[in-house]
Amino acid sequence: MLVHSNKARAVIWTGFLLLFVPLFALPFAVILAASFATTWSGALPSGPTLTHYQDIAKGDSLNALVTSLLTALAASLLALAAGTWAALAAQRLGGRGKKVIDTLFMLPVAVPSVAVGLSLLVAFSQPPLLLNGTRQIVIIAHTVLVTAFAHQSVSAALDRLDPAYEQSAAALGARPAYVLWRVKLPLLLPSLTAATGLCFALSMGELSATMMIYPPDWLPLPVQIFATTDRGALFSGAALAVALMAATLLVLFGVSRIRTRASYR
Amino acid sequence: MTALPDTAAAPVAGRAASGIRFENVSVAYGTHTVLDGLDLTVEPGEVMALLGPSGSGKTTALRAVAGFVTPASGRVLIGGRDVTGLPPYKRGIGMVVQSYALFPHMRVADNVAFGLKAQKVPRAEIADRVTEALELTGMAGYARRYPRELSGGQQQRVAIARALAIRPGVLLLDEPLSALDAQLRSGMLAELARLHRELPDVSILYVTHDQVEALTLADRIAVMDRARLRDCGTPRELYRAPRTEFTASFVGNANLMPVTAGAGDGAVTFAGTELAVRGTEGVATGAEATLCVRPHLVGLGEGPNALRGRLAELQWRGATHRLYVEVAGHRVMADVRELRDTPAVGDEVTVHFAPEDAVLIPVGAGTDG
Numbered sequence: 001m002l003v004h005s006n007k008a009r010a011v012i013w014t015g016f017l018l019l020f021v022p023l024f025a026l027p028f029a030v031i032l033a034a035s036f037a038t039t040w041s042g043a044l045p046s047g048p049t050l051t052h053y054q055d056i057a058k059g060d061s062l063n064a065l066v067t068s069l070l071t072a073l074a075a076s077l078l079a080l081a082a083g084t085w086a087a088l089a090a091q092r093l094g095g096r097g098k099k100v101i102d103t104l105f106m107l108p109v110a111v112p113s114v115a116v117g118l119s120l121l122v123a124f125s126q127p128p129l130l131l132n133g134t135r136q137i138v139i140i141a142h143t144v145l146v147t148a149f150a151h152q153s154v155s156a157a158l159d160r161l162d163p164a165y166e167q168s169a170a171a172l173g174a175r176p177a178y179v180l181w182r183v184k185l186p187l188l189l190p191s192l193t194a195a196t197g198l199c200f201a202l203s204m205g206e207l208s209a210t211m212m213i214y215p216p217d218w219l220p221l222p223v224q225i226f227a228t229t230d231r232g233a234l235f236s237g238a239a240l241a242v243a244l245m246a247a248t249l250l251v252l253f254g255v256s257r258i259r260t261r262a263s264y265r
Numbered sequence: 266m267t268a269l270p271d272t273a274a275a276p277v278a279g280r281a282a283s284g285i286r287f288e289n290v291s292v293a294y295g296t297h298t299v300l301d302g303l304d305l306t307v308e309p310g311e312v313m314a315l316l317g318p319s320g321s322g323k324t325t326a327l328r329a330v331a332g333f334v335t336p337a338s339g340r341v342l343i344g345g346r347d348v349t350g351l352p353p354y355k356r357g358i359g360m361v362v363q364s365y366a367l368f369p370h371m372r373v374a375d376n377v378a379f380g381l382k383a384q385k386v387p388r389a390e391i392a393d394r395v396t397e398a399l400e401l402t403g404m405a406g407y408a409r410r411y412p413r414e415l416s417g418g419q420q421q422r423v424a425i426a427r428a429l430a431i432r433p434g435v436l437l438l439d440e441p442l443s444a445l446d447a448q449l450r451s452g453m454l455a456e457l458a459r460l461h462r463e464l465p466d467v468s469i470l471y472v473t474h475d476q477v478e479a480l481t482l483a484d485r486i487a488v489m490d491r492a493r494l495r496d497c498g499t500p501r502e503l504y505r506a507p508r509t510e511f512t513a514s515f516v517g518n519a520n521l522m523p524v525t526a527g528a529g530d531g532a533v534t535f536a537g538t539e540l541a542v543r544g545t546e547g548v549a550t551g552a553e554a555t556l557c558v559r560p561h562l563v564g565l566g567e568g569p570n571a572l573r574g575r576l577a578e579l580q581w582r583g584a585t586h587r588l589y590v591e592v593a594g595h596r597v598m599a600d601v602r603e604l605r606d607t608p609a610v611g612d613e614v615t616v617h618f619a620p621e622d623a624v625l626i627p628v629g630a631g632t633d634g
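The listed protein sequences correspond, in order, to chains E and C.
Start counting the first sequence at 1; every next residue gets the next number (our numbering).
Start counting the second sequence at 266; every next residue gets the next number (our numbering).
A hint or two may mislead.
Taking lysine-lysine pairs in the DSS-like style, the calculated list, with each CA pair at most 30 Å apart, reads [as the list claims (entries may be wrong)]: (1) E:Lys184 <-> C:Lys355; (2) E:Lys99 <-> E:Lys184; (3) C:Lys355 <-> C:Lys385; (4) C:Lys382 <-> C:Lys355; (5) E:Lys98 <-> C:Lys385; (6) E:Lys99 <-> C:Lys382; (7) C:Lys382 <-> E:Lys184; (8) E:Lys98 <-> E:Lys184.
Chain E is nowhere near these chain C residues, computed Cβ spacing over 12 Å in every case [said to hold, decoys possible]: (9) Pro353; (10) Tyr354; (11) Val361; (12) Asp375; (13) Ala430; (14) Pro433; (15) Asp439; (16) Pro465; (17) Arg559; (18) Glu621.
Treat the hints as calculated values from the structure; they're not laboratory data.
All C-beta atoms in this analysis are idealised placements derived from N, C-alpha and C, irrespective of residue type, glycine included.
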């Protein structure tokens with residue numbers, strides 16, 4: 001939108017700041033300040049300390065962070081593979097088939113994540129599919145929850161991809177698998193990396209379903225944050241939350257660098 | 266672009282000359298027929314233009330050859346082989362689309378090598394054939410560039426080089442010049458004509474809505490309208506003696522005047538005036554017909570087949586003047602050499618044309634009705 005008048009520009013900036021500061025910036029600033037505090041009784045926190053961060057570096061929290069990173073990595077890659085496959089298959093089917101696949105893959109978004117966790121717990125509680133109490137069930141739950149976003153992102157990119165690329169490649173004698181590998185996937189790379197980043201971020205913050213199914217030896221960081229704050233250690237919880245945000249942002253930044261290099265047009 | 270000796274180009278057309286044949290090909294999307302019973306043969310080494318407005322079915326016909334649409338009925342043959350049920354990658358065709366569809370993540374050389382790698386041509390041979398195709402299209406110096414670093418005209422040459430590198434028997438060109446500006450377009454037309462001279466065995470199916478491209482490049486033109494083939498002939502035949510009103514109006518400009526055939530051969534009546542035409546075969550005495558005269562064959566002043574009317578509009582077009590003369594409620598167009606003394610709009614003027622320049626088209630010729 002082009003805004004030419006200074007007054008209109010000032011109004012827009014004011015509106016933006018009124019929304020952004022209380023809703024987004026302030027909560028983050030409070031968490032950040034709390035993560036360095038020992039007490040907070042007045043308007044501002046007091047007793048600045050690095051203890052909470054030092055605790056993270058040595059105890060269970062570091063394990064929880066690594067667990068979260070591994071879970072998110074596995075879930076986002078699995079979601080990317082499943083979502084991309086489904087988007088490609090839906091495009092190939094076209095018409096009603098595409099609608100059915102698109103709807104099925106969007107279902108987990110409509111179902112509350114607690115319900116997803118519970119359903120997996122029930123579904124995999126009997127042999128031969130006994131996965132309760134394993135790390136795999138956490139990864140499966142996260143995959144189920146984020147695949148919809150991967151599917152949607154890749155599906156939208158596929159719709160935008162000029163069919164002339166695929167057709168020209170086929171006319172040149174390339175079989176469908178060759179076209180997919182050498183033409184379509186490279187052209188979709190920016191969307192694939194964006195989808196991976198989104199899935200990763202969502203998985204890093206997932207709590208509701210995880211709470212239902214996590215085994216004692218696979219405790220992701222959001223669960224740790226919940227447990228820490230639940231027992232009253234708010235400042236330690238804040239430091240963990242900052243660590244979670246920082247790790248997520250760092251990975252997203254790395255992914256966006258790949259995406260920038262993968263953009264051809 | 267440097268001119269190359271003919272020998273340099275010869276290996277590109279390595280595949281045996283193969284024509285294209287449509288046998289009663291129909292294509293439908295649901296209940297909507299987009300190509301209706303097309304019968305057409307493109308001879309080996311021939312350039313056939315499919316000319317028609319949007320929605321005429323010309324691109325669908327090309328896509329049926331490429332294998333991107335499946336005919337509801339009929340057969341498509343390439344080099345005498347029925348390819349109707351074959352997937353695109355087994356048809357051995359070269360294709361250049363309107364958007365060129367160069368792969369943006371590959372350098373020019375990799376784009377040109379794509380088809381050869383896909384067909385598992387030996388690595389040593391690929392390099393030679395890429396060089397050869399790029400030299401043929403004058404793009405040898407751009408092998409390391411990415412498509413985004415090229416102009417529209419250069420991208421088009423790379424797209425042609427990519428299509429020719431696989432040595433196709435037939436080359437399908439889908440509105441290849443429509444993305445270029447007018448000046449580049451005329452240059453590329455000459456380039457395409459030269460390429461065809463250097464690759465005389467390659468049959469070319471050229472889809473366009475531009476009559477100038479079709480007239481310039483094609484050995485024959487197939488005129489299409491509303492999913493059907495309306496006319497087919499050499500550019501001269503279609504221009505000088507169109508068989509249908511549609512052809513007359515789509516291939517070049519035309520005055521189309523409603524006339525009634527007279528008793529004698531070559532005599533017709535237009536708005537009460539008796540006119541002499543080239544011939545009235547196929548039109549019964551007293552029958553309605555359409556008289557076609559090209560505007561540049563209509564002269565200003567007295568002469569044979571003189572028509573008197575009021576000048577409704579006068580346009581200066583540089584080398585020529587276009588006159589619109591209202592004769593008995595019909596507008597007659599005349600393109601005459603630039604006039605020194607121009608008549609004023611509203612003046613009474615006389616235009617004329619030679620009997621041999623007037624073609625009689627029976628009413629309803631080439632239409633569904």
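Hints versus structure:
1. Distance hint between E:Lys184 and C:Lys355 is fulfilled; the C-alpha atoms sit about 20 Å from each other, no more than 30 Å.
2. Restraint check: the Cα-Cα separation between E:Lys99 and E:Lys184 comes to about 21 Å, which is no more than 30 Å; the hinted pair holds.
3. For the hint linking C:Lys355 to C:Lys385, the alpha-carbon distance of about 13 Å falls within 30 Å, and the restraint holds.
4. Distance restraint check for C:Lys382 and C:Lys355: the Cα-Cα separation of roughly 15 Å lies within the 30 Å cut-off, and the hinted pair is therefore satisfied.
5. Under the criterion of a C-alpha separation no larger than 30 Å, the hint pairing E:Lys98 with C:Lys385 is inconsistent with the structure, at around 33 Å.
6. Between E:Lys99 and C:Lys382 the alpha-carbon distance is near 36 Å, which puts this suggested pair outside the 30 Å criterion.
7. Taking the CA atoms of C:Lys382 and E:Lys184, the gap is about 16 Å. The hint holds against a cut of 30 Å.
8. For a cut-off of 30 Å, the pair hint linking E:Lys98 to E:Lys184 stands: about 18 Å separates their Cα positions.
9. Its closest Cβ contact with chain E, about 4 Å, brings C:Pro353 to no more than 12 Å, contrary to its assignment away from the interface.
10. Taking the minimum C-beta to C-beta distance to chain E, about 5 Å, the non-interface status of C:Tyr354 is violated against the 12 Å cut.
11. The non-interface label for C:Val361 is inconsistent with chain E: the shortest C-beta to C-beta separation is roughly 8 Å, within 12 Å.
12. The Cβ of C:Asp375 does not lie farther than 12 Å from every Cβ of chain E; its closest approach is about 10 Å, which violates its non-interface assignment.
13. Once the 12 Å rule is applied to beta carbons, C:Ala430 is inconsistent with being away from chain E; the minimum gap is 8 Å.
14. Not every Cβ of chain E is farther than 12 Å from the Cβ of C:Pro433; the closest lies at roughly 9 Å, contradicting the non-interface assignment.
15. Not every CB of chain E lies more than 12 Å from the CB of C:Asp439, the least distance being 9 Å, so the non-interface label is violated.
16. Every CB of chain E lies more than 12 Å from the CB of C:Pro465, the least distance being 22 Å, so the non-interface label holds.
17. Interface exclusion of C:Arg559 from chain E stands, the closest Cβ pair being 37 Å apart, more than 12 Å.
18. Interface exclusion of C:Glu621 from chain E stands, the closest Cβ pair being 46 Å apart, more than 12 Å.
Checked against the numbered hints given earlier, this structure breaks hints 5, 6, 9, 10, 11, 12, 13, 14, 15; the rest are met.
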